[in-house]
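The task is simple: from the sequences and hints, build the whole structure.
Here is what each chain is made of, one letter per residue.
Number of protein chains: 2
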Amino acid sequence: MAVPWERYRRYRCDATEAGLSLDVSRVRFNDDDLYRLTPALSSALLAMDRLEAGAIANPDERRMVGHYWLRAPELAPTLEIGHDIADAVASIQAFARAVHDGTVAGAEGSFEHMVHVGIGGSALGPQLVCDALGGAGDRLTVHVLDNADPDGVDRLLARLAGSLGRTLVSVVSKTGWTPTTRGLLAEMQSAYEREGLPFARHAVATTMPGSSLDEVALERGWLARFPIWEWVGGRTSVTSAVGLLPAAVQGASIATFLEGAAAMDRLTRQASDPHANPALMLAAAWHWLGSGRGDRHMVVLPYKDRLQLLPRYLQQLVMESVGKRLDRSGAPVHQGLTVYGNKGSTDQHAYLQQLRDGRSDFFVVFVRVHAERAGQLLELEPGVTLGDHLFGSLEGTRDALFARGRDSITIAIPAVDERSLGALLALHERAVGLYAELIDVNAYHQPGVDKEAAMGTLALQQAILRHLASADEPLTASEVASAIRQPEQASSVFELLDHLAMDARRRVCRVAGETPLDARFHVRAAGHVRGKGPST
Amino acid sequence: MAVPWERYRRYRCDATEAGLSLDVSRVRFNDDDLYRLTPALSSALLAMDRLEAGAIANPDERRMVGHYWLRAPELAPTLEIGHDIADAVASIQAFARAVHDGTVAGAEGSFEHMVHVGIGGSALGPQLVCDALGGAGDRLTVHVLDNADPDGVDRLLARLAGSLGRTLVSVVSKTGWTPTTRGLLAEMQSAYEREGLPFARHAVATTMPGSSLDEVALERGWLARFPIWEWVGGRTSVTSAVGLLPAAVQGASIATFLEGAAAMDRLTRQASDPHANPALMLAAAWHWLGSGRGDRHMVVLPYKDRLQLLPRYLQQLVMESVGKRLDRSGAPVHQGLTVYGNKGSTDQHAYLQQLRDGRSDFFVVFVRVHAERAGQLLELEPGVTLGDHLFGSLEGTRDALFARGRDSITIAIPAVDERSLGALLALHERAVGLYAELIDVNAYHQPGVDKEAAMGTLALQQAILRHLASADEPLTASEVASAIRQPEQASSVFELLDHLAMDARRRVCRVAGETPLDARFHVRAAGHVRGKGPST
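Line by line, the protein sequences are chains A and B.
Positions -1 to 534 (my numbering) are the ones given, in order, by the first sequence.
Positions -1 to 534 (my numbering) are the ones given, in order, by the second sequence.
Read the hints as simulated data drawn from the structure, not as lab findings.
The structure presented is a predicted model; accordingly, all values stated were derived computationally and were not measured.
Do not rely on the hints blindly, as some may be mistaken.
If chains are identical, the list can't say which one is meant, so a pair holds when it fits in one copy or spans any two.
Think about it this way: if two alpha-carbon atoms lie no more than 20 angstroms apart in a straight line, the pair counts; the simulated SDA-like pairs of lysine to any residue are [said to hold, decoys possible]:
1. 449 / 400
2. 449 / 174
3. 449 / 56
4. 449 / 206
Here's what the structure looks like:
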């Protein structure tokens, strides 16, 4: 089911300067709907103006929100901030050149790999950018450690066996001491020490100047330190050193990436007509589709393997920004906009069945890439290439959904290159900011995220271990819970004991009971955990 | 917020024989709720019995549903089917041995890589199994082509540059001629021809005996052919040759994988008490949580890097099975159960903000893995390892969600190994089957999926090209649409012309107009597409 030509013309927005087009003709709103949103959209644009001028846009954390300055330092509220931004970009470019030409090298030769250590906002942007722009010709191969999974560390170290002396480790933590990042740093440091390699000669830090990580990197003489600032949030840090360093080291042009973002910023900063401002149109479409409450979730389907991580990136950008309990006046609103997806056409074969036939509680964002391939064009039959199949799948799927009353948005970019990627991400950053204004939530804090989620459990673990070390005989979980005066925590105590007794190298041992839950636990006298703790 | 000990004992199901436990104590239902579901659960078990005995469980396609026989050939409804299953497993094991010992080798030596070509159900299971069980010690490195993206093909070929003569290509298509799979096969074949390598010496097929792919493989003398059968659906094919071949070639024990699945099948086949049958309990929990309509979506968070693809696998298994327009009596129900997620703790930093504070329209399935790591245990501080951080994150997050009224399920397995993975997947296969019985939909067809989604667009493309070839002057999209008597398709015609004119190597050229939509298009006389078409 095709869209009528006049509607298509009216609801397609060609952002030629930024090389991107946005087609919302398959969203069943009309000019009246948009007109009703006009006052709110105008206010949202004004609020974004104030934000870009340096207002305290995140009042809860009393900070400015400055990710737009990262690609337009001349707009920063002070000359000093502008200079800091420009200096950081220049230092990243210089460092990448030195890595590429071997001026900066590891203990065993020029760097061939980089391990990016970071979590959440410090990982998703870099992963997306490196996967989207990377390939067999990368200057360095970038790997990411983004989880407290020790087996994940083992798996990466096995892949890098024999190469650590030619591997750069980039540690990213805005505040400097996120527990998971700290643990991963200790793991990497230990791996270098086991190989007799000087870790400092392979390490760089990206963090706020003066943070504890910054101090460690300075004291130990790490290769380099790159700044981020309190006015850059993790989920909008991709155009800061967080995203730029891995991209530059891998071999991408970060100047072009920043230019793409800046072009989109210019285009979406002013125009108050949604038909001429794709960020405004996108925010308006999200609002209309979900009735301003996120009543439909957003399925993101980029039809290009290189963009497979885009949905995960947007999942964080959107959900962490708008998934809020309170609006800015403090009223409970329980807002949100759920995002998921992988890639087209692959996902068609995974869950299009439900999208077409099942619950009608979503809309789709199709991302189309014009460039087919750099390699040889092959005709599968006369006049038809594999890329025609990919494009045909997108068209056919979109039309089939439209015919069933399922709305969709299509964003098209010329290619997956630095410029288009910069524009695409900047478009979404601004759309999220505008949408948050429409629904009146603070898009820039995360009051519900406890980065120290593990800390309560770790404290309980230590209390259990202390008690068991002094106990005369094996105890059940509920006995331990009572003994440490936390009887209501018996189930958590059991799960912890069960966890600690799983690895025969650890001190906690299990004596089987009638059921798994009746098992008794005790500790061996001598510690059996091997390895050196972190000296940081 | 911990669960009371008695409730924890009651709602934790230890499937000891299959090495798995299921904890639904954080789902706020009670024994009365389960009791009300008892008649429906009993009927569901009986229906599964009939299915396993060979009933036509998928009436729309008039076929049996036999994936449970794949790990218990003795239960197959005929001796012949049982023999076919056992023979297939033996032939896969023999082939993998021959590949590993070099008896079967490529034109340039022993196989080091395998490219698995398949889409949807022919890709997600293999991807999950190979990623979960793989690592630096793999016998062969398995790559997957699962999309009609020509750039994706280029990127993989660049990684394999110089290695094609030591690369095995495994083509998987149940019916034998899925268009995307056919296109990818042509691409791979062309790559071998460009290198002067005999493709047949590097190719194997997995398909229904007698299919067109089977015939091609036979005629051309491919290395081997492995069967799948009409009674195996794509999304439940992981214990058929579809999943077993890549796992075996990579170096996994497929016998142990099948044993794990068989053990879970034995455990979940009979017991009518949900407290003793984790598949029944899981189906009941899904039903209660979503009010039998999928009103809450399922966020799957495996706390282990190796299981990162599990949510995508379950997304397909669940959504394609239960996302149906009609129930089995033909009444419109628009069912579904939306699944998404990546991995914990990573996802905590991406969207836990919304899960804790925002819309309460989901539940979480935590997957916990007991084994911490094979590598050296490192103490980050006395008595505390990185794995303790991972476990603490799971516990802390689960409790924080519970305190906010967000329910969750926890599945724990001893390790990510063949046995546990087999059990985990078999658990979900049966839970899906049981849940579909509870909501009375056919779990085994996919009437809304058009595998030929691209075909309408490709036909329109050919009509446009024919008309342009005979046109005297450049035409606009709407002129072309009128000329081919499809004026209502003008927007689709424009998008197609826009697509075809993007690559300068193709015949369609653009003359810019006042706006992008006013561009005119014409074709060059001589075809400029290079490369040989597929000879298959």
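Going down the list of hints, with the structure as the test:
1. 449 / 400: between (41 angstroms within a copy, 17 angstroms between copies)
2. 449 / 174: within (13 angstroms within a copy, 49 angstroms between copies)
3. 449 / 56: within (19 angstroms within a copy, 47 angstroms between copies)
4. 449 / 206: Only inside one copy: residue 449 and residue 206 sit 17 angstroms apart there, 51 angstroms across copies, limit 20 angstroms.
Violated hints for the displayed structure: none, as all numbered hints are satisfied.
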